[in-house]
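Trainee: Okay, here's what each chain looks like letter by letter:
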Amino acid sequence: MTGLLVIPPLTALVLLALWGRPRLQAAVSLAGMLALLGAAAHLLLEVAPGGILVWAVGGWPAPLGIVLVADRLAAALVVVSTLVGVACVLAARSPHDDPARHPAWHPLVHLLMWGVCGAFCTGDLFNLFVWFEVMLMASFTLIALGGGRERLEGAVKYVAMNLVSSVLFLCGCGILYGVCGTLNMADLARIISAADTPPAVQAAGGCLLAAFLLKSAAFPLFAWLPASYHTAAPATAALFSALLTKVGIYAVLRLTVTIMPLSGTLLQPILLWVALATMAVGVLGAATQMELKRILSFHIVSQVGYMLLSIAIGGATALAAAVFYLIHHILVKSNLFLIVGLAAAHGGAEDVRRLGGLRRFPLLYAGFLISAASLAGIPPFSGFFAKLATVRAAAEAGQWVAVAVALAVGFLTLYSMVKIHREAFAKEAPAAPVPLAGAGWATTAVLVLATGTVLIGLGAGPLWRWSLAVGNELAARTPYIDAVLKATP
Amino acid sequence: MSVLLAVLTGLLVAAGTWLVLKRRLLHLVLGIGLLGHAANLLVFAAGGLSESPAFAPGGTPLPGAADPLPQALVLTAIVIGFGATAFLLALAWRAFRTLGDDDLPGWSGSEPPLENDHSEPRP
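In order, the protein sequence lines correspond to chains H and F.
Going from the first sequence to the working numbering is simple: count from 1 and add 990.
Going from the second sequence to the working numbering is simple: count from 1 and add 9.
Derived by calculation from the structure, the hints in this document are not laboratory data.
From the three backbone atoms N, C-alpha and C, an ideal C-beta is built for every residue, glycine too.
The reader is advised that the hints may include incorrect statements.
Claimed, not checked - If you want a taste of the chain H side facing chain F, the calculated C-beta under 10 Å gives, among others: (1) 1119; (2) 1137; (3) 1142; (4) 1147; (5) 1153; (6) 1154; (7) 1156; (8) 1157; (9) 1159; (10) 1163; (11) 1168.
Stated by the list, open to error - Incomplete in silico selection of chain F near chain H, CB under 10 Å: (12) 44; (13) 86; (14) 89.
Please take these sequences and the hints and turn them into a complete structure.
Mentor: Okay, structure coming up:
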């Protein structure tokens, strides 16, 4: 776990020293990201048999000091995130990604990864707030990098909404500390399961849930996402789409599963309906859009709804579905953003009606077909199994409205993907697309992520059994609490 | 003391919300700043007024001593809030200079109006 939190800031420092030397910066950045992937894979191998790693950072035991905790969920998410990091750093080498030429881009990406790894691995609520801020400060600068009218507008909206969310997060932390006298997640879980969830704890839970839902772009506070993500550079947007909302969902999961179980509280039906509204509004928004990145931005919102639905249903099977969905979605969504970045660069437009003929680029076309089919949930790709698991969990819980909404939203997702396919890839181009010099790097990144998607689809059985084990561990709660509170520094 | 802090927090949240909902960019920045201060006061009031610090021997109350942890939390939050506000101010200035306008509802470049299939694609 040390490597995860030490490699990114060191890489960022070295990259800052290499300011103005783009080739060297790109090489060092890739090396740093690969090292981070190695550290993440090592962590996953360590916890894969079912252990929970606990590291009391200052040498103080759990409720007093800040602990870092890695269970299988955190480790798996860190691995998938760093894989996306590698792909985005690779893709940023292609010349169409203009803001990624800025000397601050690579250092900021590593600081963002630092915040993401810390957020996944922390075992303390206030420490989570701090990691969120590390991640947000890096993302604030990344999204505004390069300037320009649309980008600055999008950045102001993004920054303002996320700062409001941070305020809510802080209020929730303060109230929770006032009631429980601790901010250690395992200790909070122990206290809250013992007590009968007093109203003040529910109020704090409401504050925290609102903050996390805002960060995950859930209905009704989602409008900032499609207003800002599409203005960022392709590699930046791919990184954001994969990581930022997913960290929000991870926080929702930790809050509503580990810290304070939702069942029986007012928050459960609220979360369920928020999830359904998020799915429906996101996919309907996407259906009205004609610009590539805006279509995909609305689809992030809709897919966030699927994951929230599983979390709201609760129980081992539904949580396993959420875990599976998170892993699948991170790869597919970032890949689609990289693909449409390349598509827009080849065709010279963002609007699908001005594009066409992109099937002439076979590797790009293959990457798109795999990712789009997976997002829409066509077997045998990863998205099919993720959606199947979600729908099954909803059916087992007797939530037939949720089943109907999930199936309908899946169908409309297919409609959006067919729209992009028909307009940008299949139809004849209004103007012939030009091959782009140096697009090989981004295409390689696309293929790396597409391979990951295919592997998840092929290995869906083993991965699902593994997700079930993780879901059981999450739903039981005690393994996490015991591991943290009984750990010796 | 608690009542005073509660009233003050409420006032700050009210003023912050009012400013955030106004049209001007500068009001937005100031509003978010006020909301941040309200959150800091809330953390302080919710956890910091008891007389039983974390390391009091045997958990006995120490008169005149407060729990230091919320103060540490607030200190951290103030530093982070300062950084975030500074960034937001710089961004707002840059946006104002580029867009030549600080009227937020007039900004629509990043959210073009909905189009139907008969309309012309944007250049």
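Trainee: Compare the structure with each hint and give your call.
Mentor: Each hint tested on the structure:
At a threshold of 10 Å, the smallest CB-CB gap from residue 1119(H) to chain F is about 8 Å, leaving the interface hint in force. A distance limit of 10 Å between C-beta atoms decides the matter here; for residue 1137(H) the minimum to chain F is near 7 Å, and the interface restraint holds. Residue-level restraint check for residue 1142(H) holds (minimum Cβ-Cβ distance to chain F is 4 Å; threshold 10 Å). This hint holds: residue 1147(H) has a C-beta 7 Å from the nearest C-beta of chain F, less than the 10 Å allowed.
Because the beta carbon of residue 1153(H) sits about 5 Å from the nearest beta carbon in chain F, less than 10 Å, this interface hint is met. A distance limit of 10 Å between C-beta atoms decides the matter here; for residue 1154(H) the minimum to chain F is near 7 Å, and the interface restraint holds. Look at residue 1156(H): its Cβ gets to within about 7 Å of chain F, closer than 10 Å, so that hint holds up. At a threshold of 10 Å, the smallest CB-CB gap from residue 1157(H) to chain F is about 5 Å, leaving the interface hint in force.
A cut of 10 Å between beta carbons decides the hint on residue 1159(H): the least distance to chain F is about 9 Å, and the hint holds. With a least beta-carbon distance of about 7 Å to chain F, the hint placing residue 1163(H) at the interface is held under the 10 Å criterion. For residue 1168(H), the suggested interface contact is upheld, since its CB lies about 3 Å from the closest CB of chain F, less than 10 Å. Residue-level restraint check for residue 44(F) holds (minimum Cβ-Cβ distance to chain H is 5 Å; threshold 10 Å).
Given hint, residue 86(F) at the interface with chain H, holds; its Cβ is 6 Å from that chain's nearest Cβ, closer than 10 Å. For residue 89(F), the interface hint holds, the least distance from its beta-carbon to any beta-carbon of chain H being 5 Å, beneath 10 Å.
Violated hints are absent here; each numbered hint is respected by the structure.
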